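Participant: Here is what each chain is made of, one letter per residue.
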Amino acid sequence: MTATAVIDRAPATRLPSPPGDLAIWIFILAELLVFGLLFVAYAFARAGDVALFNHHQQELDQAAGLINTLLLVTGSYFVVRAVAAVRGGSGRACALWLAAGFGTGVLFVAVKFGEYADKFAAGVSLSTNTFYMFYLGLTFFHLMHVLMGMVILAAVAQKAWCGGYSRVEHAGVETGAAYWHMVDLVWLILFPLLYVMR
Amino acid sequence: MQYKSQAVAKPYFIAAIALFAAQVVFGLILGLQYVIGDFLFPELPFNQARMVHTNLLIVWLLFGFMGAAYYLVPEEAETELHSPKLALALFWIFLIAGALTVLGYVFLRYADLARLTGDALFPTMGREFLEQPTIIKIGIVVVALGFLYNIGMTILKGRKTVVNLVLLIGLVGLAGLFLFSFYNPDNLVLDKYYWWWVVHLWVEGVWELILGAILAFVLIKTTGVDREVIEKWLYVIISLALITGIIGTGHHYYWIGTPEYWQWWGSIFSALEPIPFFAMVIYAFNIVNRRRREHPNKAATLWALGTAVMAFLGAGVWGFLHTLAPVNFYTHGTQITAAHGHMAFYGAYAMIVLTMISYAMPKLRGMGEAASERAQLTEMWSFWLMTVSMVFITLFLTGAGVLQVWLQRYSEAPQAFMAVQEQIKIFYWMRETAGLVFFTGLVLYVISHFVGGPTGAKAKARA
Amino acid sequence: MNATALRLRPCTRVWVMLLALTTASVVLGNRAGGWAALAPLLLALAVLKGQLVVDHFMELRRVRRRWRALLYTYLVLVAALIGVAFMID
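First to last, the sequence lines map onto chains A, B and C.
Each step along the first sequence adds one to the number in our numbering, with nothing skipped, and position 64 is 64.
To convert, count from 1 in the second sequence and add 1000; that's our numbering.
To convert, count from 1 in the third sequence and add 2000; that's our numbering.
Chain A on its own, in the form it takes in the complex (with noise of 0.2 Å):
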């Protein structure tokens, strides 16, 4: 069975639990849960003032945003070939993979880097008003997150160069994809509701 039949194939039978460690997903259930509330607070309070948002948007980096969507998509892309290398036996091609992984990472954190530098040099702090408070605030707790999936891919791909995962046994690997894959859906939700919807 190759690693291509095992993504796309819809399952007669379906597993009991997702792919990797159970406790991660409680995990992901409860960040997904933090987040869709910040989410939702950031709507609302934008429902009370509107102006004040809608104008502070337009100072927002757009394109930085696009961007670093693009990169996180590329890396969960990345990473879903480095569970499927590993399936098909090849633990230095996942090591690969996820090592590209962790370069969108690097990529995305620059470009962040690169945004705050911009927004603190023009004197925005968490206190300058709501919407800013929010941009700041959930886009810091956000960028933790990243760089806690870079450690995460780091460790697995550390152990998957050394031959620590095999064909059967590599729940690791699936676990930390896992994470990564959270932290993406969390951007994708986080990108149009700051940076485009208006």
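In case anyone wonders, no lab produced these hints; they're calculated from the structure.
None of these values were measured; they are calculated from a predicted model.
We put the beta carbon where it would ideally sit given N, CA and C, even for glycine.
Derived BS3-like pairs (lysine-lysine); straight-line CA-CA distance at most 25 Å:
hint: 1; chain 1: B; residue 1: K1085; chain 2: B; residue 2: K1004
hint: 2; chain 1: B; residue 1: K1157; chain 2: B; residue 2: K1010
hint: 3; chain 1: A; residue 1: K159; chain 2: B; residue 2: K1232
hint: 4; chain 1: B; residue 1: K1157; chain 2: B; residue 2: K1221
hint: 5; chain 1: B; residue 1: K1232; chain 2: B; residue 2: K1160
hint: 6; chain 1: B; residue 1: K1160; chain 2: A; residue 2: K159
Calculated Cβ distances over 10 Å to all of chain A for the following chain C residues:
hint: 7; residue: A2037
hint: 8; residue: A2069
hint: 9; residue: Y2072
Chain A is already provided as a structure; the job is to place chains B and C on it using the hints.
Facilitator: Same frame as chain A, but now just chains B and C:
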């Protein structure tokens, strides 16, 4: 008892219960002073009795945690405690220091206590729950360091289990965060900001790790369920606790002069703080449900399940009721706070210590796996008396708080504090009555340890 | 690995779709300024992208339905609540 050195836990547990009883006595005095303001004035005014009540709570819980650690760490690490002698020495130091502190609170004017203990050299006194003289605080740090050294060395030379490590991290966190009690900024906003680094990050942070670890240990021992299953749940629970609780500290930063963004971040994260407690309820009942053995210590199992439920209700639900900033704006510092505080502390921390004592005492006393059925029955009665009366204390204080908020803050024509207190007196009388029932339960609890009946082999045979 | 235009791996197809949908959302968001249905549309696109990640990257398509249902519910619920907030003016 698998390791001889586990025996050092016994004096810690006995001290814990004795101090618990003293705490409740002072609680009854305070409860009466709410309605008869001059009761015991001027010998023991409200503010002095309160210091004793709250400080005793913390000290007896600390004795309980230390006893729990001394009991479970050698068993988890599968090796004798590093130094039983040190453990006993620290016991006496802590007990005497604690006794001196309480005597100081009761028999001296606070300002005189401060002068006598040289507070002016390094002022740390005068803050709620941290009223101890600076030299006593230093003593607490010394005791804590000695304790951590002892436990740490034991774990280092033995088996490192998840339970052990989570407990150790919790205890190290407890000690480390206590150091913030030495940081006493002049700026009142900063003073309060850092005060919560001790209080919140203790009870809504590292203490939850201690709670989780002890609960896991007792469940492993009494249910026989796979250690790995229980340890995985423990990881999930403490992760949820830390994720929600750390930024959740912000729910104490709404009105003290810190930036407004805390009203958002504190509300959102603290709203989620009940989740780990809810998970603990599911976990505890689930584990007990799929137990592989019928452990003779039924009382311990009751305490364990009760802890999970009461912690969820007191800390989780009652905490949630007043955690959102728009609600807290009205309820801050009212009897709602007192309602939550009592059920939370009892449900989470008093009960987990009592759970551990319930499990360990029969073994420490050489009675076997469990006390006699009659003793257990008495103990279970005491569980119900204390727990149900605490629920009533909480309900009455909630009633008092709701009326207080309505009359004093929310209504069109808010009334003054004392005028409102007059009108909520009925709730205080009811609370005091419930408090007396609680005390009765506690007395029964002590008695249960002296109730005889067939133990050991006969108890095992019946199980 | 077959990466010809006609036979991309399914995950590669999903990746390309995500890139395209993201770019489309931005373009749409900037062009259709005052259009009332814009916010719901952008939310719908976000939900769609989320669903692609959930099904194909997180691989919940192969798992018991309840997990998929949970994540779908999350996406739809969050989007709906945001949508409601955007309708309040």
